[in-house]
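Colleague: Chains as they are written, first to last, in the working numbering: chain A, 190 to 314; chain B, 28 to 255.
Hints listed in this document are in silico derivations from the structure and should not be mistaken for laboratory results.
Heads up, some of the hints might be wrong.
What the hints assert, rightly or not - What follows is a list of derived Cβ distance ranges for each label pair:
id: 1; chain 1: B; residue 1: Val219; chain 2: A; residue 2: Gly266; range: 26 to 32 Å
id: 2; chain 1: B; residue 1: Glu123; chain 2: A; residue 2: Arg282; range: 35 to 41 Å
id: 3; chain 1: B; residue 1: Ser192; chain 2: A; residue 2: Leu284; range: 21 to 27 Å
id: 4; chain 1: A; residue 1: Ile263; chain 2: B; residue 2: Asp213; range: 35 to 41 Å
id: 5; chain 1: B; residue 1: Ala69; chain 2: A; residue 2: Ser191; range: 46 to 52 Å
id: 6; chain 1: B; residue 1: Asp213; chain 2: A; residue 2: Arg278; range: 19 to 25 Å
id: 7; chain 1: B; residue 1: Ser192; chain 2: A; residue 2: Phe265; range: 40 to 46 Å
id: 8; chain 1: A; residue 1: Ile263; chain 2: B; residue 2: Ala163; range: 46 to 52 Å
id: 9; chain 1: A; residue 1: Gln277; chain 2: B; residue 2: Val133; range: 39 to 45 Å
id: 10; chain 1: B; residue 1: Arg175; chain 2: A; residue 2: Phe270; range: 35 to 41 Å
id: 11; chain 1: B; residue 1: Ala69; chain 2: A; residue 2: Gly252; range: 53 to 59 Å
id: 12; chain 1: B; residue 1: Ala163; chain 2: A; residue 2: Trp238; range: 23 to 29 Å
id: 13; chain 1: A; residue 1: Phe265; chain 2: B; residue 2: Glu189; range: 29 to 35 Å
id: 14; chain 1: A; residue 1: Trp268; chain 2: B; residue 2: Glu53; range: 20 to 26 Å
As the structure is a prediction and not an experimental result, all values here were calculated from the model.
Positions of the beta carbon are idealized from the N, C-alpha and C atoms, including for glycine.
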Amino acid sequence: MSTFQIAGIVATGLSALMALAKIVRRRSAWRTHGPWAIIWLAAMAAFIWPDGTARVANAVGIGRGADLILYLAILFGFWGFARLSARQRRTERELTLLVRELAISHARGGDASPPSPADPAPSER
Amino acid sequence: MSAPPRLAVVMPAYNESTVIGDVIRELRAQYPWVVVVDDGSADTTGAEALAAGATVLRHWINRGQGAALQTGIAYALRQGAELLVTFDSDGQHRMEDIPALIAPIVAGDAHIALGSRFLGQKAVDMPTTRRALLWAARLFTRMTSGMRLTDTHNGLRAFSREAASRLDLQLDRYAHASELLDQIRDMALPYVEVPVTIRYTEYSLGKGQTSAGAWQILVDYLTYKISR
């Protein structure tokens, strides 16, 4: 086993342990940390059995294990970007709602309440 | 003609200190209730509007024209407005067009009136590039919303209280114009187009949308449609 493999196994193993610990501490955390635990465990398995990626790749019609990992990384990147974009849109929306309420509550001047039908237009005063 | 009761003119504004005072004073001669939403302007837009007699709401940070419009509409509705007119603050719109704009709503024939510069000879000094851009916008609207309108990006519009209360613009920036048309379509309330005049001046053209900005609007709108 190479130094790179050992380092990879340790890094991914620790990351998987941290994710699992969060789930054990709080069951509801499985939604966020469950997928990560699976990803880290899969990565650790790939470091332990590098030939395994080639077998999986062949099974799904992709030539090399490295290509499979690359495709999965790209998909994961797109997914992460989509999630971040959605979160940013939600934050922008909340910011607008907050700014709106502040603006409304601090309205100034003019006819802050609607003119009564009895009020003449300024040109008639 | 004196203003119908409870009519609010809603004006989003961003860095319009040069002209907004004159625009408001002209408006208030006939329509006393003018609501200006200062969208985080860096100049004295808010102060000028206040001095001209408008009710001023200030976005502490810039959120975009769509956001400012929705803020003004929300405020006017909460204050009891029964008829709302949206009006640009850069002097492009004419107060003289408001009576014809609101007439179908007052008569009960429609809930929404959309100003159109292309109905009749109403586009004064419009640059060719702007005409081409608006033609493309018209085509885009037909494809995405199915609405056959002659002018899809005109800020001079009128709404009954019922129609205005159903508006909920989510797009803060310029793409709100397309979203607004989608919402009008979904309301299934009667709407009409009314001829209005747009005054193109060097000042107003400098504030208008660029071709590059149009691409950003397209991206914003398509992203919004996909994410719904």
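Colleague: When you take the CB atoms of Val219 of chain B and Gly266 of chain A, is the distance between them in 26 to 32 Å?
Modeller: violated, 49 Å
Colleague: Does the Cβ distance between Ile263 of chain A and Asp213 of chain B fall inside 35 to 41 Å?
Modeller: This hint holds: roughly 37 Å between Cβ atoms.
Colleague: Could you see if the CB distance from Ala69 of chain B to Gly252 of chain A stays within 53 to 59 Å?
Modeller: holds, 58 Å
Colleague: With 46 to 52 Å as the target window, see if Ala69 of chain B and Ser191 of chain A comply at their CB atoms.
Modeller: Since Ala69 of chain B and Ser191 of chain A have Cβ atoms about 59 Å apart, the given range 46 to 52 Å is violated.
Colleague: That 19 to 25 Å hint for Asp213 of chain B and Arg278 of chain A (C-beta), does it hold up?
Modeller: holds, 21 Å
Colleague: When you take the CB atoms of Ile263 of chain A and Ala163 of chain B, is the distance between them in 46 to 52 Å?
Modeller: Given range 46 to 52 Å: violated, Cβ gap about 34 Å.
Colleague: Hint says 23 to 29 Å; check whether the CB-CB distance for Ala163 of chain B and Trp238 of chain A agrees.
Modeller: For Trp238 of chain A against Ala163 of chain B, whose Cβ atoms are near 56 Å apart, the range 23 to 29 Å is violated.
Colleague: How does the Cβ-Cβ distance of Gln277 of chain A and Val133 of chain B compare with 39 to 45 Å: does it lie in that range?
Modeller: The hint (39 to 45 Å, Cβ to Cβ) holds, given that Gln277 of chain A and Val133 of chain B are roughly 43 Å apart.
Colleague: Should the hint that Ser192 of chain B and Leu284 of chain A are 21 to 27 Å apart at their CB atoms be regarded as holding?
Modeller: Because 23 Å falls inside the window, the suggested range holds.
Colleague: The hint says 35 to 41 Å between Arg175 of chain B and Phe270 of chain A; measuring C-beta to C-beta, is that right?
Modeller: holds, 37 Å
Colleague: Does the Cβ pair Ser192 of chain B, Phe265 of chain A satisfy 40 to 46 Å?
Modeller: holds, 44 Å
Colleague: Given a hinted range of 20 to 26 Å, is it respected by the beta-carbon distance of Trp268 of chain A and Glu53 of chain B?
Modeller: Since Trp268 of chain A and Glu53 of chain B have Cβ atoms about 54 Å apart, the given range 20 to 26 Å is violated.
Violated hints for the displayed structure, listed by number in ascending order: 1, 5, 8, 12, 13 and 14.
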